[in-house]
Amino acid sequence: MSEPAVNFENVSFTYPGAEFPALEHVSLRVEQGERLGVLGPNGGGKSTLLKLALGLLSLQSGRVTLFGLAPQEARRRGMIGYVPQRAELELAMPLSVWQVVEVAATWRRAPWSRAADARERVREALLLAGADELKEKAVGELSGGQLQRVLIARALVVRPRMLVLDEPMVGIDAVGQERFAQLLDRIHRERGITMLTVTHDVRAIVAGSDRVACLARRLHSHTSPEGLTPRVLAEVFSHDIAGVGGALRGTHIHAHGPEEHCPDVHETGAGGPAPGACGHVCGHDHGPHEASTKRDDHPASGGGA
Amino acid sequence: MRTIEYLSIPELAEMYFQAALAGLAVVTLCGVLSVFVVVKRLGFVGQGVSHAALGGVGVAAIVAAFGLIPGDGTSAAGLWQWAIVTAFCVLSAVGIAAAGDRRALPFDTAIGMFLVGSMALGAILVQIGRETATSRGQSGMTQSWESILFGSIMGTGLGDVALAWGACIGVLLVLWGVRRPLLFWGFDSATSRAFGVPASGVKYALMVLLAVAVVTAMRLTGVILATALLVLPGATALRLTGRLWPSIGFSVGSGVLALLAGLVLSIETDWQAGPSVVVVQCVLFVAACVAGWLKGRMVTGKGPIIRA
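First to last, the protein sequences are chains A and B. Per the working numbering, residue 1 is the first one in the first sequence, and the count goes up by one each step. Per the working numbering, residue 1 is the first one in the second sequence, and the count goes up by one each step.
Honestly, the hints are just simulated from the structure, not real lab data. Since we're looking at a predicted model, the values are computed, not measured. Please note that a few of the clues may not be correct.
What the hints assert, rightly or not - Per label pair, the in silico range of CB-to-CB distance:
{"id": "1", "chain 1": "B", "residue 1": "Ile169", "chain 2": "A", "residue 2": "Glu24", "range": "52 to 58 Å"}
{"id": "2", "chain 1": "A", "residue 1": "Gln60", "chain 2": "B", "residue 2": "Ala20", "range": "35 to 41 Å"}
{"id": "3", "chain 1": "A", "residue 1": "Arg218", "chain 2": "B", "residue 2": "Val116", "range": "46 to 52 Å"}
{"id": "4", "chain 1": "A", "residue 1": "Glu24", "chain 2": "B", "residue 2": "Ala291", "range": "56 to 62 Å"}
Don't be surprised by glycine CBs; every beta carbon is placed ideally from N, CA and C.
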């Protein structure tokens with residue numbers, strides 16, 4: 001039997017000085033070739049889980065392995081392709097798309113290795129990510145959806161066995177999200193790459209996962225994307241993360257039924273998203289039967305594809 | 001034109017060409033680094049490190065007062081002082097980066113503390129050094145505060161030219177060696193570690209290179225204006241292009257143009273050379289803003305297309 005792609009065994013983690021643990025007794029297994037989505041509210045431990053999986057945080061208790069190896073070793077062997085959130089990119093850096101992907105392929109290339117091999121890998125990754133026509137563009141000129149494809153290409157250029165995606169749909173409009181989901185589907189179909197997606201956006205999970213783990217400090221449930229019922233969503237997103245009097249107290253969850261429209265204001269076209277398909281967790285302080293009039297947190301808003 | 005008359009006198013021409021030669025090394029070095037300084041918002045680091053140099057000047061003054069290094073105006077004295085100031089600046093740059101890394105202090109607070117602390121230390125040590133030198137019958141450090149603050153490029157000797165080109169070539173070789181991890185980190189420092197890039201090592205390397213560049217630039221423009229050579233060329237270039245090699249080319253090119261035009265301006269007007277170079281560089285930046293805006297209008301019908 002092959003090793004699981006990701007294996008968390010009873011992992012807990014508390015940041016220094018924090019009153020509550022970020023993760024508590026989390027056990028999680030992702031089989032090779034599987035697409036797992038980890039869904040949870042902000043502050044629910046998603047980023048901590050991801051950093052532990054990438055070996056960027058030191059483990060405090062429990063055990064984490066990737067393909068049977070320590071995360072640092074798996075990373076060193078180029079088995080992991082990481083697609084980060086776009087918020088911290090320096091878009092003023094005067095680099096072309098080709099250079100961004102090439103640098104990931106070549107930064108530790110031995111002087112005696114063939115430059116042609118690296119070029120071939122870059123070309124292949126750009127084609128697979130559907131970013132080949134962008135290769136001459138400066139990164140500062142790209143739209144949100146285009147930039148996301150470039151980050152996918154950068155992750156693919158190391159020929160990883162697993163892609164780790166952090167909030168992949170944030171800042172992409174509805175059309176771009178659809179295209180992006182199709183792209184992930186195609187990559188998974190063609191390469192059989194394991195995918196671990198971490199997000200608070202239900203649509204990203206529905207579009208790109210075979211299985212969903214709901215995380216709010218602890219793992220609450222494993223389900224299929226279709227199993228994300230309003231009750232499950234309400235349970236995960238109303239979890240009191242910070243303990244008594246937590247950050248989500250007083251917020252209203254749009255756990256509306258499948259035939260109801262989300263009461264919030266949508267920008268994705270007339271009438272908003274399909275009934276029951278919203279997944280928007282509203283942070284505005286209003287009663288459960290009132291519609292929010294603000295739209296700043298809505299995941300559908302953002303740049304073009 | 002006064003410049004032609006000036007250059008027709010062999011002694012003055014020699015002084016001018018030596019200043020230009022040293023200046024070319026400095027603007028080349030700073031021009032390449034400037035792109036990274038602007039993109040990574042490290043301009044204030046340059047300011048902090050250049051002012052930290054005053055602490056190094058103070059240490060050099062004390063060492064000279066005790067006769068451990070020459071304190072007169074010879075090349076050997078200048079070399080010793082340069083080495084001590086460089087070491088002090090490198091340590092300050094590493095200290096600033098470490099304070100920022102450990103989040104013991106906000107990054108700008110760490111820079112500010114190193115800046116004012118080093119200046120105060122430098123002022124006290126220079127005073128003590130002069131008093132000690134007088135009491136011991138030593139010459140002590142003879143460099144004026146004005147030359148430290150505003151530079152003295154027209155007094156550049158062949159030793160200074162060699163030193164500037166040595167620093168320039170050394171820094172450029174290191175930059176070439178680390179260019180790939182540096183570019184990765186420069187574009188996406190948060191993620192670079194996940195790809196195995198030694199992000200902290202790259203950051204510290206850049207800080208050390210910045211410190212060397214600042215100390216070298218100080219001889220041209222002085223402490224006060226050294227940052228200008230690390231900020232303005234890159235800012236100018238990034239108004240014109242979003243491409244790597246063209247931006248480095250524009251950055252170095254604008255530095256060279258500002259240097260030569262600034263030296264001519266200095267001769268024509270009898271202004272100090274360092275500030276004259278910086279004034280020209282500022283004019284070039286404004287011109288680049290206008291050119292970038294016009295280019296954006298032509299391409300997109302809107303404003304500038306570069307996000308820098």
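Ala291 (chain B) and Glu24 (chain A) - C-beta distance against the hinted 56 to 62 Å: 57 Å, holds
Using the C-beta atoms of Ile169 (chain B) and Glu24 (chain A), is the stated range 52 to 58 Å upheld? 56 Å, holds
Kindly confirm whether 35 to 41 Å is satisfied by the beta carbon distance between Gln60 (chain A) and Ala20 (chain B). 60 Å, violated
46 to 52 Å was suggested as the range; check whether the CB atoms of Arg218 (chain A) and Val116 (chain B) agree with it. 48 Å, holds
Of the numbered hints listed earlier, the single one contradicted by the structure is hint 2.
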